[in-house]
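Participant: Residue-level listing of the chains:
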Amino acid sequence: MVKFLRMLAISAREGTATRKYPFESSLVTPEFRGRVDIDPAKCVGCGACVRICPPSALTLNYESDEVVLKYFIGRCIFCGMCAYVCPQDAITITKEFELATPELNDLYDEVVHTAVKCNVCGKPFTTVKLVKEVEKRIDGGDMSPLFNTCPECRRKLTARRVGSGVTGVSVE
Amino acid sequence: MFSDLERLRPMDSIARGPRSLAILNKLADVCGDSILDVTRDGITIRITLKAGCLRKALETIYSEHDLYFRTLTASDERREEGVYKLYYVLGIDSEGTNLVIEVPVPEAVEIYTASDLFRASDWYELEAHDLFGIRFNGRTLRRLVLPEDWPEDLHPLRKDVSVEELRELYQPQMISRVVTELGVEEVVRIPIGPYHPALHEPEYFELYVRGEKVVDARYIGFMVHRGIEKLAESMKYDQVPFLAERICGICGFVHSTSYVQAVEDALNIEVPERAEFIRSIVLEVERLHSHLLWLGVALHLLGYDTGFMHAWRIREKIMVLAELLTGSRKTYGIALVGGVKKDIAQDTVSKVKETLDRLKREYREFVDVATSVPQVRARLTGTGILPRGEARAYSLVGPTVRGSGLARDVRKDYTYAAYHYVSFNVPVYTEGDNLARTLVRVDEVFESISILEQLIDMLPSGPIMVESWETQPMKLGIGSVEAPRGEVIHVVVTGHYSPYRWRVRAPTYQNLQAVPIMLKGVDLADAPLTIASIDPCFSCTDRATIINLRSGSVKTVPIEIISRRGSGRG
Numbered sequence: 001m002v003k004f005l006r007m008l009a010i011s012a013r014e015g016t017a018t019r020k021y022p023f024e025s026s027l028v029t030p031e032f033r034g035r036v037d038i039d040p041a042k043c044v045g046c047g048a049c050v051r052i053c054p055p056s057a058l059t060l061n062y063e064s065d066e067v068v069l070k071y072f073i074g075r076c077i078f079c080g081m082c083a084y085v086c087p088q089d090a091i092t093i094t095k096e097f098e099l100a101t102p103e104l105n106d107l108y109d110e111v112v113h114t115a116v117k118c119n120v121c122g123k124p125f126t127t128v129k130l131v132k133e134v135e136k137r138i139d140g141g142d143m144s145p146l147f148n149t150c151p152e153c154r155r156k157l158t159a160r161r162v163g164s165g166v167t168g169v170s171v172e
Numbered sequence: 173m174f175s176d177l178e179r180l181r182p183m184d185s186i187a188r189g190p191r192s193l194a195i196l197n198k199l200a201d202v203c204g205d206s207i208l209d210v211t212r213d214g215i216t217i218r219i220t221l222k223a224g225c226l227r228k229a230l231e232t233i234y235s236e237h238d239l240y241f242r243t244l245t246a247s248d249e250r251r252e253e254g255v256y257k258l259y260y261v262l263g264i265d266s267e268g269t270n271l272v273i274e275v276p277v278p279e280a281v282e283i284y285t286a287s288d289l290f291r292a293s294d295w296y297e298l299e300a301h302d303l304f305g306i307r308f309n310g311r312t313l314r315r316l317v318l319p320e321d322w323p324e325d326l327h328p329l330r331k332d333v334s335v336e337e338l339r340e341l342y343q344p345q346m347i348s349r350v351v352t353e354l355g356v357e358e359v360v361r362i363p364i365g366p367y368h369p370a371l372h373e374p375e376y377f378e379l380y381v382r383g384e385k386v387v388d389a390r391y392i393g394f395m396v397h398r399g400i401e402k403l404a405e406s407m408k409y410d411q412v413p414f415l416a417e418r419i420c421g422i423c424g425f426v427h428s429t430s431y432v433q434a435v436e437d438a439l440n441i442e443v444p445e446r447a448e449f450i451r452s453i454v455l456e457v458e459r460l461h462s463h464l465l466w467l468g469v470a471l472h473l474l475g476y477d478t479g480f481m482h483a484w485r486i487r488e489k490i491m492v493l494a495e496l497l498t499g500s501r502k503t504y505g506i507a508l509v510g511g512v513k514k515d516i517a518q519d520t521v522s523k524v525k526e527t528l529d530r531l532k533r534e535y536r537e538f539v540d541v542a543t544s545v546p547q548v549r550a551r552l553t554g555t556g557i558l559p560r561g562e563a564r565a566y567s568l569v570g571p572t573v574r575g576s577g578l579a580r581d582v583r584k585d586y587t588y589a590a591y592h593y594v595s596f597n598v599p600v601y602t603e604g605d606n607l608a609r610t611l612v613r614v615d616e617v618f619e620s621i622s623i624l625e626q627l628i629d630m631l632p633s634g635p636i637m638v639e640s641w642e643t644q645p646m647k648l649g650i651g652s653v654e655a656p657r658g659e660v661i662h663v664v665v666t667g668h669y670s671p672y673r674w675r676v677r678a679p680t681y682q683n684l685q686a687v688p689i690m691l692k693g694v695d696l697a698d699a700p701l702t703i704a705s706i707d708p709c710f711s712c713t714d715r716a717t718i719i720n721l722r723s724g725s726v727k728t729v730p731i732e733i734i735s736r737r738g739s740g741r742g
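Note that the protein sequences, when read in sequence, are chains A and B.
Counting from 1, position 47 in the first sequence corresponds to residue 47 in this note's numbering; the numbering is continuous, with no gaps.
Counting from 1, position 169 in the second sequence corresponds to residue 341 in this note's numbering; the numbering is continuous, with no gaps.
Looking at chain A on its own, in the form it has when it is part of the complex (with noise of 0.2 Å):
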């Protein structure tokens, strides 16, 4: 009937569970996935990432001189998909967690990338880095006057290509 005493001895030999922290070290393991950091000079701005991302943390926001992409810390779920998915192993899962912060724009990371303008249309679609990234691994190719046409204005110009192959016919 006095058996619930000997919690005690266990209390006794376990001691204190909870640590100081902060004033002691986190518990966290080797394998921890914390926020991602991503690499500007290893990015290429492909948005693999952001198609993949499941909150949307990452976006792609094109403005007219730049391909600016952005990660809102305050978004991430910390799943690493970014990191799986990544084609140019640009981004790396850290162990940092201590992320609140009364400055909102310390949750934003940037990587800001030079834009390619469309020759057609003159719409910012891609990035350079990207179109030399596609160049050298297809290594020019066929497809090297349309790498500064954006895809609307391509699919425009095949269009009117196969058109005018099939009827003779120029189409304007």
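Treat the hints as calculated values from the structure; they're not laboratory data.
Take the hints with a grain of salt, since some may be wrong.
What follows is a list of derived Cβ distance ranges for each label pair [said to hold, decoys possible]:
| # | chain 1 | residue 1 | chain 2 | residue 2 | range |
| --- | --- | --- | --- | --- | --- |
| 1 | B | K408 | A | R137 | 22 to 32 Å |
| 2 | A | K20 | B | V521 | 26 to 36 Å |
| 3 | A | E14 | B | K525 | 17 to 27 Å |
| 4 | A | L99 | B | E337 | 48 to 58 Å |
| 5 | A | E14 | B | H592 | 33 to 43 Å |
| 6 | B | P645 | A | P55 | 18 to 28 Å |
| 7 | A | T114 | B | I392 | 55 to 65 Å |
| 8 | A | T101 | B | V521 | 33 to 43 Å |
| 9 | A | L99 | B | G189 | 50 to 60 Å |
| 10 | B | E320 | A | N105 | 37 to 47 Å |
Cβ coordinates follow ideal geometry from the N, Cα and C atoms, glycine included.
Go by the hints and put chain B onto chain A.
Facilitator: What follows is chain B alone, placed relative to chain A:
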């Protein structure tokens, strides 16, 4: 259509065993030409049935002793096939067979209810009515998922309703609830809830009390229906696991695993063996932490806070283990369609073994003491009784059904991941009281430790992810996992880039419907523990308002206080 003789022959080749053959033959006898198609794929038998014969079919089979009503999924397939669809997912426990009855429902056709047969189907029908506007005859249709002030003809999961439209058409308003006279002068109505912000989902119970005894109870839920099924229709296949994992803050991995298993089932994706093992390992780690969490909370509700603290002290080691295995203490984020994202390193294996050894020793020592505390035993014994017959009629799941004498466990009955490689027992107690449900969980922790030891020892080498897979639209897939609380079942109808329809059923959906039965006749002081005994969500910020109908006075007290009023009697 075929003649009777011709019909029987395919049934023979489609059935997975004598049980499914008997059921299929009965259905063929009753429905004849109303059966449009019967096919089998793996463990799933799919019968397409005209809506007109559904009631007769369900009447014929509901009394089969090992048939279990698992989920009912409605789907809007008007764009593809011009009809709504109802998928009744049943299970033949003894054979491990999924039985899917698919019913095309043309617009304006009404379906006769099955809620008087399969009592578990009550909520599913209300939900199909709320979200798709499918009408069921022979029962009262009230709001379940949607709030009471939701526009009458707006059914959010229909494909022709966009999220933008929903935002425009519905602005939530404060719903004022009016206290209704019950007619019985001495009965007091005690609302518990609805706020449980810390752990699970808000729930709201109304207890009707005469003196100290609970005479009746009512449950109102879906306070935080988040519309994630609609959201997933706009997310890519590999983004949805992360959404699924956030359905529950305690057992999230069971949801991401169920989802990926459903997609893999629909698209016939073979998952590498090592990935299956890793999934099972992480699922068992999750069960360990969840059961220890529950045990702690239960002891806390009984006023035995020493036990609570020690349960959570031991649990902490499992949380660290989870982080070591997956990269995160909770919401592990490693399940993807076709495998897992993170491998287990060789030096982690030895750390896992070390932790398990220590865990086993410390846990045995702890439960031995905690379950022998006389007050704890007295409060658990004979309270919140759920008879076996009721547990079967409501198709309950998990430790709740196993505490009432039924050995239903998805890991054994409809095996998945790597569970067929390990041997383990399914603890069953027959008393049906709070003690039985507690002991089921206590024993399951030992079983989980043993499963983990076996899995870690047998962990095969090889890839953890399929090289590639392709989508095909409009395929049906079922994924089910034995969560700490019972079976989680996900039904997926595939689309081109995203799930076309994704139906999630958590175990609490099934088990909550039986809580009013457990509550009848218990002392008010035992009500909080009885509600907690199915392991729904509970938090320390729980508050209950006591309204005395005669004097009209209202006071608010923390739920622990109600619970402790009886603790002096132990």
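Participant: With reference to the structure, classify each hint as holding or not holding.
Facilitator: Results for each hint:
The beta-carbon spacing between K408(B) and R137(A), approximately 24 Å, falls within the hinted interval of 22 to 32 Å. For the pair K20(A) and V521(B), the supplied restraint of 26 to 36 Å holds, since their beta-carbon distance comes to about 32 Å. For E14(A) and K525(B), the hinted distance range of 17 to 27 Å is satisfied, since their beta carbons lie about 21 Å from each other. Judged by the Cβ atoms, the range 48 to 58 Å given for L99(A) and E337(B) is violated: they are separated by roughly 36 Å.
For the hinted restraint 33 to 43 Å between E14(A) and H592(B), the CB-CB distance of approximately 38 Å keeps it satisfied. For P645(B) and P55(A), the hinted distance range of 18 to 28 Å is satisfied, since their beta carbons lie about 26 Å from each other. In this structure, T114(A) and I392(B) meet the distance hint of 55 to 65 Å, their C-beta atoms being roughly 58 Å apart. Distance hint for T101(A) and V521(B): a CB-CB separation of about 38 Å, consistent with the stated range 33 to 43 Å.
For L99(A) and G189(B), the hinted distance range of 50 to 60 Å is satisfied, since their beta carbons lie about 55 Å from each other. A beta carbon spacing of about 43 Å between E320(B) and N105(A) agrees with the range 37 to 47 Å that was offered as a hint.
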